[in-house]
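Colleague: Chains as they are written, first to last, in my numbering: chain R, 34 to 326; chain E, 878 to 1148; chain B, 275 to 705.
Bear in mind the hints are in silico, worked out from the structure with no lab data behind them.
The beta carbon of each residue, even a glycine, is placed where N, CA and C say it ideally should be.
Do not rely on the hints blindly, as some may be mistaken.
What the hints assert, rightly or not - Computed spacing ranges between beta-carbons, pair by pair: (1) B:D422 with R:N179: 46 to 52 angstroms; (2) B:D324 with R:E80: 47 to 53 angstroms; (3) E:V1128 with B:G335: 55 to 61 angstroms; (4) R:V116 with E:P1062: 48 to 54 angstroms; (5) E:L886 with B:A695: 44 to 50 angstroms; (6) B:K576 with E:V1128: 36 to 42 angstroms; (7) B:A695 with R:A82: 29 to 35 angstroms.
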Amino acid sequence: MSVTFNKERKVAGWLLSAPLLLMLAALLIWPVYLGVKTSFTHDVLSEFATYGAGFENYKNLIHQPNFWLSLRFTLLYAFIATVAEVILGFALALLFDRVFPGKRVLFSLMLVPIMIAPSLMAVMYRLILNENIGIIPGFLQRIGINFSIFDQHNVFASLIVLDLLEFTAFTFLLSYSALQNMPSEIYEAAAIDGANARQVLTRVVLPMLKPAIAIIFLLRILDSIRTFDSVFILTGGGPGTTTQTVGIYIYKTAFIYGDFGLAASAAVVLVLLLAPFMPSIIKQFNLNQGGGK
Amino acid sequence: MKKKYGVTLLASIWVFIFLIPLLGALYTALRTDNAISSGPFVWEFDSSFSHFKNAMGAAGYDFANFFKNSIIISIGTVFLTIFISFPASYAIVRLGFGGPWLLRLALALRITPAIFFVIPFYKLFTAYNLIDSPIALILADSFINMTLALLVFSGAINELPLEIEEAAAVDGASIWLTLRNIVLPLLGPGMAAVGVLTFLFSWSDYLFAVVLTSSEATPVTVGAANFVTSYGVRWGDISAAVCLSVLPPLVFATAAQKYLVKGLSSGAVKG
Amino acid sequence: MRLKKTSIALVSALSLVVGLAVLPAANAATTVKMVLWPGPEGDAMQKVVDAYNTSQGKKDGVTVKMILLSRDNTFAKEAALMKSKSSEYDIYFTASYLVGQHAPYLSDLKGVKDSLYLKASVNSLKVAGKQKALPLDTSLHFMYYRKDLIASLSANAAKYTSIAKEVLGKDLKPNTNPATWSWDDALATAAFFTQKYNPDSPTKYGYALPAKNLLYNTMIWNDVLWGLGGNWLKNGKPNLNTATGKAAIDVYNTIYTKGLTSPESSQWEYAETNSALTSGNAAMALQWNAAYSELSTTGATKDQVGIAAPPGKGARTHVHALAVGLNKFSKNQAASAKWMAYLATVPAMKKYATAGGVPSMPSILTGMVAKNASFANIIEYAGKYGYSESAGAREFDIYAALAEVLSPAWSGQKTSSDVAAAADAAIQKLL
């Protein structure tokens, strides 16, 4: 390649990336700086003055059992919900990965949960799961099942199921898309070899789609860790703080107790705790990324 | 070929389960307030559709404005996200720009919880007087969505046969012409996938909307929550608002369904 | 090609939207921007604003524009605006439990006629003797009960006594006048109307307990504390880790652990409490006065809902007023004051009441008793039993902190002894 072409490539690279770089500069670097700075500031809404506080917020945070409890709850919740959603989404994708009557319409309807804001979905759950006027408990009682959905012994499982109903649509969509990359000859070849459906699945399909499934898992769990809307509206993080996610903890600290400094330090700690996992996660993504050719 | 009605039945059952919240909302929106508060099986329907009328503005809320805001925000986010991610993906994949680092940095964003950005964004947009403007939400939503967009685009560009672009280069076409005349048209499905997903995610955003808007730029998600009042939750009205709020994204996603799958399978989740 | 169609649709939708967005909004007079929250208060105020803008406002040269912040975050955002000494809004929405926090950012109001208002309401908006905000709606709590059920108690005295013995371990006789209930009477009656103890009870549960971790639920629980003679503070020190404080926590704990309320009520707030009553699943609840219109017109409580003051003795119903105050940093002080002066008149508040508000003016409420019978109770209870905590600038935060600390005990996960010390510590931190 000629020298001028290389130079053109370089200029073009900068120009084409300019919007991304600007966006990162404006919305990543500046907010991260601001966030970190706030975390070292005594910044409480109901007090007139704001002043530097060194590590005060971090020291306070370490002694906040609620923060650590919410972290534990979040990780547990995110992991269980994600595993369940990936499995169910993949199973449904396998079901849909064939020709059957009404497929087009049913496929569209499968995606509807993605279209409803999690916050509105949560309000709807408050209604249809309401013990007194909700259709689901009403139906359960009619058929003689006595189950308290929001009883504190059941609330964790209930939240997981609701998460499942809402976000499986996303894992389903990605799993289904991934399955479209499987060449149909593979099924035929396997059939000729006399493999049954289960063997095809475990020996051919799953190994081939392992990278895709890993990506789906990661995309979903990263979103799960940020769970805020639905749990906040359904339980407010309670009773006490038993269902408090890190998102709810940070939100309440900042916007209900008005302690911006402490909330910012919690956010920084969360990122620092997740940082060690970033390289391996990024490596997963790079599986399907060729880099400069 | 044998018709697989068994599969249809099984798929329908699952679709029904996933649609329960929406069907519940529709059922509630059609009933009278007395029926709603008396119990789930009180059959008393509201022949004047007053809940839908309330959701459309009769209740005093400016729902037309909420819908307008949601549409501005979602469509604005789609365009901005594509504008940011598409050229950058080409630069990263084909021009080797930024080595692997740029993409890694963008991916790290996805890992950083959105809540991390809430407080800085609030301060930043307040400082520039963008609070309660759709621009603030378009910027915030684009920022959150661009990671997935970069993934889809770089995957899809990687898939394109290099030979076509090389042939164009040999013919003397510049990078710009190649990008516009050859790469862009081939990336239709990827574009649709990014467009639809970005639209859906920004349509359903609540966290940024609740913090960054107050009244003028309020989208449907936050507006519908206004039916939760100090005189009780207006179940019928909020249900009608939910039913109506699903229509725009449903139409949008159904129209682009085929490209959504195609775009994702050649991009984000290529095995 | 479908893709093309989609993009055409997109582009035309976009242009339509842009077209709508640039529609001009012309305004000549001084515009006063007032924050309120959406809901009945916002709806009612819009009527008053409209009336003002088309009449008195023309004379004053003032146009009022109302901004409805989302309910969840109205106060947090106002606090953020106040802290930055913003002049964006001229009039802030505030409330009795927040006025201490907002006071440094609000101008003193002059010429407010105290005699027009409910005393508890107008006084709750004074800070250091200065009127900081103008009362709008007054809120307090009622003990709501099913009249038809309570009337049936006398015929079942023996059964009542044995159930009270079984559940509470106390000897009690039916008390069919809820206005004179002690908490023991309320709990025994709740037990009597719980099917677990009385299979013949028409309601599944006797009580509907809003026990979710939510600061407004703390306000309701506070009535139990006051009704038993307690308070957050004694001589400026936290006072919940005491026999009375624990007894008040135990009232909720008993209701929950004895099954007098649904196990799900650990996630209940206002709306769920209402639905428990209207669906006929519960017989009584301590609840906001605002619930009356729904309770008296729908479901099982239709025409059967009775109202009493909260059980106990002395001052025992939380009273607060929603209010509006004038931003000290507003650049339109004079214009805002003109609008506030109008808002403080009886005709303006009458419009507010007609449009669905519950103004704090007894003369207006009295005139509307025929429309809403509970207005008579508001006047009576606010005068006889009304109280408001006065815990300084961070009162609002204390309500939230107590909800977090106490809700596990309300719902039986912990005992009153487990949480009482933590509750005191939480209050101490925020004094």
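Colleague: Please go over all the hints and tell whether each is borne out by the structure.
Modeller: Status of the hints after comparison with the structure:
The beta-carbon spacing between D422 of chain B and N179 of chain R, approximately 27 angstroms, falls outside the hinted interval of 46 to 52 angstroms. Our hint of 47 to 53 angstroms for D324 of chain B and E80 of chain R is violated, since their Cβ atoms are close to 38 angstroms apart. Our hint of 55 to 61 angstroms for V1128 of chain E and G335 of chain B is violated, since their Cβ atoms are close to 47 angstroms apart. Evaluation of the 48 to 54 angstroms hint for V116 of chain R and P1062 of chain E yields a failure: the beta carbon distance comes to about 40 angstroms.
For the pair L886 of chain E and A695 of chain B, the beta carbons lie near 59 angstroms from each other, so the given range of 44 to 50 angstroms is not met. Between K576 of chain B and V1128 of chain E the beta carbon distance is about 41 angstroms. The supplied range of 36 to 42 angstroms therefore holds. Taking 29 to 35 angstroms as the suggested C-beta distance range, the pair A695 of chain B and A82 of chain R conforms, at roughly 31 angstroms.
In this structure, the earlier hints numbered 1, 2, 3, 4 and 5 are contradicted, and the remaining ones agree with it.
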